[in-house]
Amino acid sequence: MQDLQLLLLQVPIANAQLLLDGLWIGAVLTLPAAGMMLLWRTMKVANLAQGELVVLGGFVTLLVTEAGLPPLLGIPAAALVLAVFGWMLHRLLLWHVIGTDMISPLLATFGLALLLRQSMIAGFGPDVRTVENGLDILFPFNALVTVPQARLLAFILSVTFLLALWLLLRQTAFGQTIHAGTPPPCPSSHHRDGNGPDTERARAAIMAINAALCGVAGALLIFAWSIHPHMGLPHTLRAFTMAMAAMPGSLAAIFASGLGLSVAEHFITFLLGPGFQLSAVFLLLLVVLFGHRISHARKPGHLIGGQAP
Amino acid sequence: MNQVPAHITALLALLAIGLIPPWLAPAHLGVLAMLWLFMVLALSWDLVGGQMGYPSLGHVAFFTLGMHAGTLLQMALLQPCILQTGPATGSQAALDTMQSCLGLVLGIPFGGLIALLTALLLGVLLLRLPWPHFAIATLGLAMTTTELTTSLPSTNSPLAPPVILPGSTSPQLPYWLAFGLATLTLTFFAWLHASRFRLTVNAIRDDEHKATTIGHPVMRNKMIAWTISAFFTGMAGATFANLSSTTPPGNTEIGIAMVLMVMLGGKGTFWGPVIGAITLFGISELLLSALLPGWRLAVLAAMLLLVTLYLPHGIIGWLRRHQPAPFSPAHPPAEPCTQTVTQAAQRHHV
Chain Z
1 MQDLQLLLLQ VPIANAQLLL DGLWIGAVLT LPAAGMMLLW RTMKVANLAQ GELVVLGGFV
61 TLLVTEAGLP PLLGIPAAAL VLAVFGWMLH RLLLWHVIGT DMISPLLATF GLALLLRQSM
121 IAGFGPDVRT VENGLDILFP FNALVTVPQA RLLAFILSVT FLLALWLLLR QTAFGQTIHA
181 GTPPPCPSSH HRDGNGPDTE RARAAIMAIN AALCGVAGAL LIFAWSIHPH MGLPHTLRAF
241 TMAMAAMPGS LAAIFASGLG LSVAEHFITF LLGPGFQLSA VFLLLLVVLF GHRISHARKP
301 GHLIGGQAP
Chain Y
1 MNQVPAHITA LLALLAIGLI PPWLAPAHLG VLAMLWLFMV LALSWDLVGG QMGYPSLGHV
61 AFFTLGMHAG TLLQMALLQP CILQTGPATG SQAALDTMQS CLGLVLGIPF GGLIALLTAL
121 LLGVLLLRLP WPHFAIATLG LAMTTTELTT SLPSTNSPLA PPVILPGSTS PQLPYWLAFG
181 LATLTLTFFA WLHASRFRLT VNAIRDDEHK ATTIGHPVMR NKMIAWTISA FFTGMAGATF
241 ANLSSTTPPG NTEIGIAMVL MVMLGGKGTF WGPVIGAITL FGISELLLSA LLPGWRLAVL
301 AAMLLLVTLY LPHGIIGWLR RHQPAPFSPA HPPAEPCTQT VTQAAQRHHV
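If you read the sequences in order, they're chains Z and Y.
Per the numbering used here, the very first residue in the first sequence carries number 1; after that it's consecutive.
Per the numbering used here, the very first residue in the second sequence carries number 1; after that it's consecutive.
Hints are computed from structural coordinates only; laboratory data are not their basis.
Don't take every hint at face value.
Unchecked claim - Short derived list, chain Y residues pointing at chain Z, Cβ under 7 Å:
#1 L129
#2 H133
#3 A135
#4 I136
#5 G140
#6 M143
#7 T144
#8 E147
#9 A301
#10 A302
#11 L304
#12 L305
#13 T308
#14 L309
#15 P312
As the list claims (entries may be wrong) - Label-pair distances were calculated between CB atoms; the ranges are:
#16 L9/Z - G215/Y: 50 to 58 Å
#17 H7/Y - V128/Z: 51 to 59 Å
#18 L106/Y - G275/Z: 24 to 32 Å
What the hints assert, rightly or not - Away from chain Z, derived, C-beta distances all over 10 Å, residues of chain Y:
#19 A13
#20 L184
#21 G282
#22 S289
Idealized CB from N, CA, C, for every residue including glycine.
Using the sequences and the accompanying hints, generate a full structural model.
Put into structure tokens, the structure is as follows:
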């Protein structure tokens, strides 16, 4: 109550601060959300390890900076490493379960998420990590609002990467088949489920793209904010919530929903208190899931468990 | 029909085996109590995740709730107990103290009750979602429960778990509590497995839309299964608080163990979760106990991944494929009718 009064009456500029904070990080988190949407559209897979891939990207950047290289080089490094990792993940493990039923990929990625998390804790330690970015803080609006340059840069870079993804989807042949929602070239007959090597390669490529998106997000997060291994699950839920809110939308819709949900999360956390941040994530997840269900139920011919993701 | 007595015999044998440890292996009672709790957890998760097809990935939230609720009640009841316990003059005084302090075990059904009520409130929302959304929402539930319970007195006060009941220094009472809960659970779920309700729950898993169309009260059935599951999980949590173990498994470990046990044993069956619980317990105690909790969690996660990829129907599924006779379900799915009309008529007359 007191916080609400603070926001509405006493210090209205605090609203601007919360809004901006939400926008910067929201843009970064849009990248794994776009990846989630991609995976859903092509493979009907909800990747529960998405957040862990993000954190992994952050740790790759950490290694890059510890090797003495400039932190921004961590972005392509993370993208590359995670792309290879995503490819291997599909080719070695996930091809068994993708396309069979729907419960197996869910449980497999659930186990994978925990495995990745524990591996990162074992390899890097459970602490919060960040990277020295050497950038300043801006003080617009007569120094009532703080805008760290690193976060502004992260915002700009995220938008750039989203645009690059959009171009990939629109302008390349591979991208257009993804955009249409079907996995590329024709299956040959003698494989599991009638999926030939071309389809599996295409799926691996899509997983690689998804992992690269997560890696870039992680690199930006450690650059301008911080990461730690336990952040994986909240990021997975955030990515899922953003993708759900934009379903079945375009990248622009994901971007808008990502920003909106992130800002909402900041406001809710401010009002409830810092010990309720995860509860805010959960609350928004429930709101979006129910909004989705209500809007779907209004459409005629709606089937339970029909084509809804 | 021959299978029904075999099931019951096996169950009675299992329960009889549970009576042995206090005499033969009193030093290991704390550890063995965990085995019984594993069975409770596996069976209760399977009802929602295996029989109903709604994998509740955050079911450990009910375990946590039951643990905290049970502990808080026991702490509240412990205070007057401590006041009553003076220097014991003779066995009569000790007995009176024991009797007055037995109310402490009330924490266990109370923990189950709180879990049940929470499930009731949340189920109204969560069970209306399609099951993939439900699974992800339960992840959020577990995450939120962990966040909200970190500041409760049951985690921070000096009386926090394990609550040692006065007058009983041996670990026998916690073992009997765990074994008692497991007996109750095994009997209940064996009955449930043979009941018609179980078939209606399976119908939800197999084709929810069709079940709704033919008139099943699907939402009501989902709520019943979900609250039953939460109740037993909550009681397991409250019982867990009474076990004094040197390295108790953490909440995440319990959470993944629940899913792993059922997947390992074979989801959607009665013996699957039980076998999975025994197997996981064996692996955990014999191979993993020397590991640090972080490594143990990693191994469990890797096991879940491998089981999902390579053994999706669990041990029971594997056994059914290789030794169909003893392990197939008592009511196999109807075979396609291959008889001609005259053959069928002849059979009918005979």
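Residue hint A302/Y, partner chain Z, criterion CB-CB below 7 Å: holds, 5 Å
Minimum beta-carbon distance criterion (7 Å), H133/Y to chain Z: Holds - the Cβ of H133/Y comes within 7 Å of chain Z, reaching about 5 Å at its closest.
Interface hint compliance - I136/Y to chain Z, C-beta minimum distance less than 7 Å: holds, 6 Å
Interface hint for M143/Y, Cβ within 7 Å of any Cβ on chain Z: holds, 5 Å
Verdict for H7/Y, V128/Z (Cβ pair) under range 51 to 59 Å: holds, 52 Å
A301/Y as an interface hint toward chain Z, with CB separation required under 7 Å: At about 4 Å, which falls below the 7 Å cut-off, the nearest Cβ of chain Z leaves the hint on A301/Y intact, so it holds.
Range agreement (Cβ of G215/Y with Cβ of L9/Z, hint 50 to 58 Å): For L9/Z and G215/Y the Cβ distance comes to about 55 Å; the hint holds.
Outside-interface status for A13/Y - nearest CB in chain Z farther than 10 Å: Answer for A13/Y: holds, closest chain Z Cβ roughly 31 Å.
When the least beta-carbon distance from L304/Y to chain Z is tested against 7 Å, hint result: holds, 3 Å
Per-residue hint verdict: L129/Y, partner chain Z, C-beta under 7 Å: holds, 6 Å
Hint validity - A135/Y Cβ closer than 7 Å to any chain Z Cβ: Since the shortest Cβ distance to chain Z is 6 Å, the answer is holds.
Interface restraint verdict for L309/Y against chain Z (beta-carbon cut-off 7 Å): holds, 5 Å
Every hint from the earlier list agrees with this structure, and none is contradicted.
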